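Here's the letter readout for the chains.
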Amino acid sequence: MVIKQFRPNRNIKSARQFEQFIEPHLPHLYQLAYRFCNNQADAEDLVQDVVIKLLSKKDEMSRIEKLRPWLAKILYHQFVDLYRQKERSALGLVTEDENLLSELVASQQDSDPEHHMEMDIHQRHLQHAMQSLNEDQRTVILLHDVEGYTLTELEGILECPLGTLKSRLNRARQYLREKLQKI
Amino acid sequence: MDCRQLQQCIDDYLDGVLPAGEQDMARQHLSKCKECQSELNQIQELRQALRALPVPAPGPGFTSRMLEPIRQQQRRKNAVNGLISALAASLVIWLGVHIMPAQQPDTGVDAIAMSISEVRNVSLVFRAPDAFNKVTMQLELDGNIELAGYQGKTELEWQTTLKKGANTLVLPIKAIGSGDALVTARIKHQGKTRIFRIPVKIDRTKVQLRSPEVFVSA
Chain C
1 MVIKQFRPNR NIKSARQFEQ FIEPHLPHLY QLAYRFCNNQ ADAEDLVQDV
51 VIKLLSKKDE MSRIEKLRPW LAKILYHQFV DLYRQKERSA LGLVTEDENL
101 LSELVASQQD SDPEHHMEMD IHQRHLQHAM QSLNEDQRTV ILLHDVEGYT
151 LTELEGILEC PLGTLKSRLN RARQYLREKL QKI
Chain F
184 MDCRQLQQCI DDYLDGVLPA GEQDMARQHL SKCKECQSEL NQIQELRQAL
234 RALPVPAPGP GFTSRMLEPI RQQQRRKNAV NGLISALAAS LVIWLGVHIM
284 PAQQPDTGVD AIAMSISEVR NVSLVFRAPD AFNKVTMQLE LDGNIELAGY
334 QGKTELEWQT TLKKGANTLV LPIKAIGSGD ALVTARIKHQ GKTRIFRIPV
384 KIDRTKVQLR SPEVFVSA
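If you read the protein sequences in the order shown, they are chains C and F.
Take 1 as the starting number for the first sequence in my numbering and just add one per residue.
Take 184 as the starting number for the second sequence in my numbering and just add one per residue.
What you were told as hints is all true, and nothing was included just to trick you.
Taking lysine to aspartate or glutamate pairs in the EDC-like style, the calculated list, with each CA pair at most 16 angstroms apart, reads:
{"id": "1", "chain 1": "C", "residue 1": "Lys-53", "chain 2": "C", "residue 2": "Asp-81"}
{"id": "2", "chain 1": "C", "residue 1": "Lys-166", "chain 2": "F", "residue 2": "Asp-194"}
{"id": "3", "chain 1": "C", "residue 1": "Lys-73", "chain 2": "C", "residue 2": "Glu-153"}
{"id": "4", "chain 1": "C", "residue 1": "Lys-166", "chain 2": "F", "residue 2": "Glu-222"}
{"id": "5", "chain 1": "F", "residue 1": "Lys-384", "chain 2": "F", "residue 2": "Glu-329"}
{"id": "6", "chain 1": "F", "residue 1": "Lys-336", "chain 2": "F", "residue 2": "Asp-325"}
{"id": "7", "chain 1": "F", "residue 1": "Lys-347", "chain 2": "F", "residue 2": "Asp-313"}
{"id": "8", "chain 1": "F", "residue 1": "Lys-336", "chain 2": "F", "residue 2": "Glu-323"}
{"id": "9", "chain 1": "C", "residue 1": "Lys-179", "chain 2": "F", "residue 2": "Glu-228"}
{"id": "10", "chain 1": "F", "residue 1": "Lys-371", "chain 2": "F", "residue 2": "Asp-313"}
{"id": "11", "chain 1": "C", "residue 1": "Lys-53", "chain 2": "C", "residue 2": "Glu-23"}
{"id": "12", "chain 1": "F", "residue 1": "Lys-317", "chain 2": "F", "residue 2": "Glu-340"}
{"id": "13", "chain 1": "F", "residue 1": "Lys-217", "chain 2": "F", "residue 2": "Asp-185"}
{"id": "14", "chain 1": "C", "residue 1": "Lys-166", "chain 2": "F", "residue 2": "Asp-195"}
{"id": "15", "chain 1": "C", "residue 1": "Lys-53", "chain 2": "F", "residue 2": "Glu-251"}
{"id": "16", "chain 1": "C", "residue 1": "Lys-166", "chain 2": "F", "residue 2": "Asp-198"}
{"id": "17", "chain 1": "C", "residue 1": "Lys-58", "chain 2": "C", "residue 2": "Glu-19"}
{"id": "18", "chain 1": "F", "residue 1": "Lys-371", "chain 2": "F", "residue 2": "Glu-340"}
Worth flagging that the hints you see were computed from the coordinates, not collected in a lab.
Source: prediction; values computed, not measured.
Start from the sequences, fold in the hints, and give me the full structure.
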């Protein structure tokens, strides 16, 4: 018995079909772009670059079985090509700012300010800890722990062996825990 | 399953991608081992905290702005298709296309004589010695001319392919005032550019064309 493997064959030939197809994926692409760029303007630029790139990959896109990791791979490589080379990575953009916490405290105007302040301070510390990870570790944490891609999917997205990914993930988590415990 | 084995597959367990049998074995080990259960809890807590990190909404009109390049490209394509499908060439200019490094303009094309308000379909026939993919075609209009149906546009650019032999581009040129004008066509391929300049002379009185066809050898 011959078992035929399922191969999608989406009809994405015209610009209109491409537009209809890509539109539902834009929110996720933006979210992922923001995680990498850490600011709205760069994230939007990155998504637009990806959309333009995808336009020339219509045929390939028609045949891709798992689109989400495939799109993530294209976005990640675009980020690396355009942004890391320009040293515009979020890693270099965020600096420790001692005034941040006091500003945050001053800006709290909530019915339960203590609870929300604790939440935001924790998130702020976590965000800073993330920025101080090395880029490889941060990328794995972002894609796996934040965005929920499996390690097998990351092998394809990052073109990196599974063992290396696991090792980066463990070191990154250890580093984040230590940073957060010091607070 | 022992502690070392569980540590090896703890992420696959959390991601729910372990084969059913191994998933059960991991669950059984976790139910008996406090250390591994604690490790699992810590990973889950960290994941939850990371996933709660906020992402601000994109700016207004995000979807529309992201899709605009596609719409622009489609508009350009439609404009070019309109040009190419223009009928009845009344003037044919043969241009040889050897994509060469030199950026010197091609010379030797006779001026097209027109009168004010006249619309003339000018066919540029690019004779390519071979097929070329991903060729960029640029058109530039200087002086008192415009393309009928594309008022106000002085520059057009699009990607195309050239087949081996004759490739015809029909330009509906309209004279909108007297004086000298110029049509510049640039063909770019792999960093090399070939430039063709077709002069146009517009007089207040109608002038008979010298020849319906002009051949330019490359």
